[in-house]
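K.L.:
The whole structure should be built from the sequences, with the hints applied where relevant.
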Amino acid sequence: MRQSELFTKTQKAFPKDEVSANARLLIRAGYIEKLMAGVFSMLPLGFRVRENIMRIIREEMNATGACEIIMPALHPKSVWETTGRWDEMKSVMYQFGEGERAYGLGPTHEEVIAPIVQKHVNSYLDLPIALYQIQVKFRNEERPKSGLLRGREFTMKDLYSFHTNEESLNVFYDRVKEAYRGIFKRVGLGDTTYLTLASGGSFSQYSHEFQTVSDVGEDTIYLCKACSVAVNHEIITEQKVCPECNSNDLVKKNAIEVGNIFKLGTRFSEPVGLMYRDTDGTQKPVIMASYGIGVERLMGAIVETYHDDAGLIWPQAVAPFIAHLLIIGEQTGTLKKFADTAYQSMIDADIEVLYDDRTDVSAGEKFADADLLGLPWRLVVSNSTLAEDKIEVKKRTEKEKKLIALKELPKYITK
RNA sequence: CGGGCCGUAGUAUAACGGUAGUACGCAGGCUUCGGGAGUCUGUAGUCCGGGUUCGAUUCCCGGUGCCCCGACCA
Numbered sequence: 555m556r557q558s559e560l561f562t563k564t565q566k567a568f569p570k571d572e573v574s575a576n577a578r579l580l581i582r583a584g585y586i587e588k589l590m591a592g593v594f595s596m597l598p599l600g601f602r603v604r605e606n607i608m609r610i611i612r613e614e615m616n617a618t619g620a621c622e623i624i625m626p627a628l629h630p631k632s633v634w635e636t637t638g639r640w641d642e643m644k645s646v647m648y649q650f651g652e653g654e655r656a657y658g659l660g661p662t663h664e665e666v667i668a669p670i671v672q673k674h675v676n677s678y679l680d681l682p683i684a685l686y687q688i689q690v691k692f693r694n695e696e697r698p699k700s701g702l703l704r705g706r707e708f709t710m711k712d713l714y715s716f717h718t719n720e721e722s723l724n725v726f727y728d729r730v731k732e733a734y735r736g737i738f739k740r741v742g743l744g745d746t747t748y749l750t751l752a753s754g755g756s757f758s759q760y761s762h763e764f765q766t767v768s769d770v771g772e773d774t775i776y777l778c779k780a781c782s783v784a785v786n787h788e789i790i791t792e793q794k795v796c797p798e799c800n801s802n803d804l805v806k807k808n809a810i811e812v813g814n815i816f817k818l819g820t821r822f823s824e825p826v827g828l829m830y831r832d833t834d835g836t837q838k839p840v841i842m843a844s845y846g847i848g849v850e851r852l853m854g855a856i857v858e859t860y861h862d863d864a865g866l867i868w869p870q871a872v873a874p875f876i877a878h879l880l881i882i883g884e885q886t887g888t889l890k891k892f893a894d895t896a897y898q899s900m901i902d903a904d905i906e907v908l909y910d911d912r913t914d915v916s917a918g919e920k921f922a923d924a925d926l927l928g929l930p931w932r933l934v935v936s937n938s939t940l941a942e943d944k945i946e947v948k949k950r951t952e953k954e955k956k957l958i959a960l961k962e963l964p965k966y967i968t969k
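Residue numbers (our numbering): 555 to 969.
The reader is advised that the hints may include incorrect statements.
[To be verified] The calculated label-pair distances, taken between Cβ atoms and stated as ranges, are: (1) Ala871 to Gly918: 27 to 33 Å; (2) Ser558 to Val593: 28 to 34 Å; (3) Glu954 to Thr913: 25 to 31 Å; (4) Gly918 to Glu559: 21 to 27 Å; (5) Ser916 to Thr774: 42 to 48 Å.
[What the hints assert, rightly or not] In silico EDC-like links for lysine to aspartate or glutamate, alpha-carbon gap of 20 Å or less: (6) Lys588 to Glu572; (7) Lys920 to Asp863; (8) Lys955 to Asp943; (9) Lys739 to Asp943.
Simulated from the structure, these hints should not be mistaken for laboratory data. Glycine included, each C-beta is placed from N, C-alpha and C at the ideal position.
P.N.:
Written out as structure tokens, the structure is:
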């Protein structure tokens, strides 16, 4: 799109008060807008990043065989009473209304999905089932913090699987584990995100978290150098040894919990009456697991991982645009024609490009904005590149510039 | 929820208890056009409530908001 038509502008100064890189940079660059602590709007650029992240998640979820649905955010008190969590979650759940007309905003969806599945599952032949949604969640965090990393309203991909037995559950659980690895790899966090053992509740010894190592992370994990698994501080033993391989070569790190997978057992199926008829003719409770990824938190974690003093640095898979085309110099005559042609050829090649066609904006400001917005490729058209009938191409992360002919450009930047 | 810091134009910052100023932005003019360019004119502000005082952005009390630490966190 043309930057002259982009809704947002950048700001020259960082927002005061904000300390976390993700909040400082995303606000300054005009990707997001804070409404209140822990609640943000996604402006056009931020919206596109979020969409890209959700698309990647969706593709990987679909590949596991799960079906996508969408459930309501507004829940009646009654479904939360069946599991006893109306009172249990009082501190984090937004609740309002009285008596028969009491409602809550959903912090998670076990209570809603279990009855849905109950209605459609009768027999062991109907299982296993996996359903997911990408949907808004509300949690009344007592202290929202670090920009997008801990919000009160946020988007979550929540997947729920339903099984007749533990073997079936384990097969799917491992499949999701791999899907999660795929997601974090695709968004650029493959090298810094660790499968982490965490406390697992009553059904299994451990649950698993995906933790992205970052100084601003609010979790503490111990990386095991011997088996490349991490352990959440909450389950590390006094002796500080890896529960997997007993190594004591552990490194303590801060990390952001970007994903969590959890075996629920029959914690929710029993109170809700989610049963199936087994081969022996008896009714048995369905075994469940849940799997979450916080979308905005993941976006924040990407920013925390990739930025520099000049601004954002987006991995290509999630960048709001692949290329940033800058026209430098007076926008008239052959220079403008050349830049317009370059813009159109990017569009024709299906390369998402942001075209900085703003007039009365100095070259320096365009470069500074390009650094701040952090698109992977910077393409510059000026009188000097025009003289050679080429475009100057540079990666956001590199200093080296190259002159590339227009018709070679699409291949060059998508390789 | 405990503790700490802080709330001044759209943004970022000044102002001993005494005319609320500067920069950027924004609107208009002229000059510029490869690293947030120059210049002229204009525009816009003290979180809310109470108190002290001749006078409060400034001091005191309460509220509220934000950020940070801790607690909490499927």
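K.L.:
For each hint, tell me whether it holds in the structure or not.
P.N.:
Hints, verified against the model:
no.: 1; hint: Ala871 to Gly918: 27 to 33 Å; in the structure: holds, 30 Å
no.: 2; hint: Ser558 to Val593: 28 to 34 Å; in the structure: holds, 30 Å
no.: 3; hint: Glu954 to Thr913: 25 to 31 Å; in the structure: holds, 29 Å
no.: 4; hint: Gly918 to Glu559: 21 to 27 Å; in the structure: holds, 22 Å
no.: 5; hint: Ser916 to Thr774: 42 to 48 Å; in the structure: holds, 46 Å
no.: 6; hint: Lys588 to Glu572; in the structure: holds, 11 Å
no.: 7; hint: Lys920 to Asp863; in the structure: holds, 16 Å
no.: 8; hint: Lys955 to Asp943; in the structure: holds, 15 Å
no.: 9; hint: Lys739 to Asp943; in the structure: violated, 38 Å
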